[in-house]
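Enquirer: Sequence:
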Amino acid sequence: MLAMICESIEQALAKLRQPLDPRRPGDAWSALKSLQYRLQSRATKKSAYALRMCDASPALARLTQTSIAMPGVQSCVTVAALSNHIAVLPTKTKPKKLVFHGSDGLPYTYLFKGLEDLHLDERIMQFLCIANTMLRTSSSSAPSSNAVYQARHYSVIPLGPRSGLISWVDNVTPLFTLYKRWQQREAAISQSAVYGGGRAIALETKQSRKQLEKEVTFSMFAVRIAEMKYEWMEYRKYV
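The opening residue of the sequence shown carries number 1 in UniProt numbering; numbering runs sequentially from there.
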């Protein structure tokens, strides 16, 4: 792959330095544009977001029935093996989704993040765990309060100053996904307005944007209801 790319770059630069027709500079740039298109198409393929553990780390791929404790798990579960499939998320730091197979026969999914210090994330999760313990104690001492407030948290395991593991949480929608979806819809609206003739596309995009706004509004409304409920319970303590 590297040799093929280097050869294509050299050919494109040769055409740029010695064009066939100096009066037509656009022809010299066509080779570079085609090379850019090839690299972009290769980067957007699904194969670019999938790796094999045996290729990325043969030492980890050979691990079987170890005595290593499962990261972030309170029970006595050890790492039995690692899945050979690695999913690469298409975000800025390209985090890797790893699946550990435990000695209890269950899979444990983690997100390996590099180029990022996760110690602050670990402290936040520890704070949420302590807050949950305090809320459970408070609710048990006050039977009249039938609402138990819990903050969902997950395990964060720093492996060094610039990398770490995060427990994977299923059935959630990241804020980045909502933002990216909104950005794509706004771009589609702008493009249809510039080129015209995209009335149906603009209508469909407008409806999708309304649906997204409805989802975000509903989430904010649910958070506000929880806050009002908490304020009411606090008010009841002093009445």
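Heads up, a few of these hints could be off.
Claimed, not checked - With a cut-off of at most 16 Å between alpha-carbon atoms, the simulated EDC-like pairs for lysine to aspartate or glutamate come out as follows:
no., residue 1, residue 2
1, LYS92, ASP55
2, LYS33, ASP55
3, LYS33, GLU10
4, LYS97, GLU10
5, LYS92, ASP117
6, LYS94, GLU122
7, LYS15, ASP27
8, LYS94, GLU116
9, LYS96, ASP55
Calculated from the structure, these hints are not laboratory results.
Enquirer: Hint by hint, say whether it matches the structure.
Expert: Against the structure, the hints come out as follows:
no.: 1; hint: LYS92 / ASP55; verdict: violated (22 Å)
no.: 2; hint: LYS33 / ASP55; verdict: violated (32 Å)
no.: 3; hint: LYS33 / GLU10; verdict: holds (14 Å)
no.: 4; hint: LYS97 / GLU10; verdict: violated (36 Å)
no.: 5; hint: LYS92 / ASP117; verdict: holds (15 Å)
no.: 6; hint: LYS94 / GLU122; verdict: violated (20 Å)
no.: 7; hint: LYS15 / ASP27; verdict: holds (9 Å)
no.: 8; hint: LYS94 / GLU116; verdict: holds (11 Å)
no.: 9; hint: LYS96 / ASP55; verdict: holds (14 Å)
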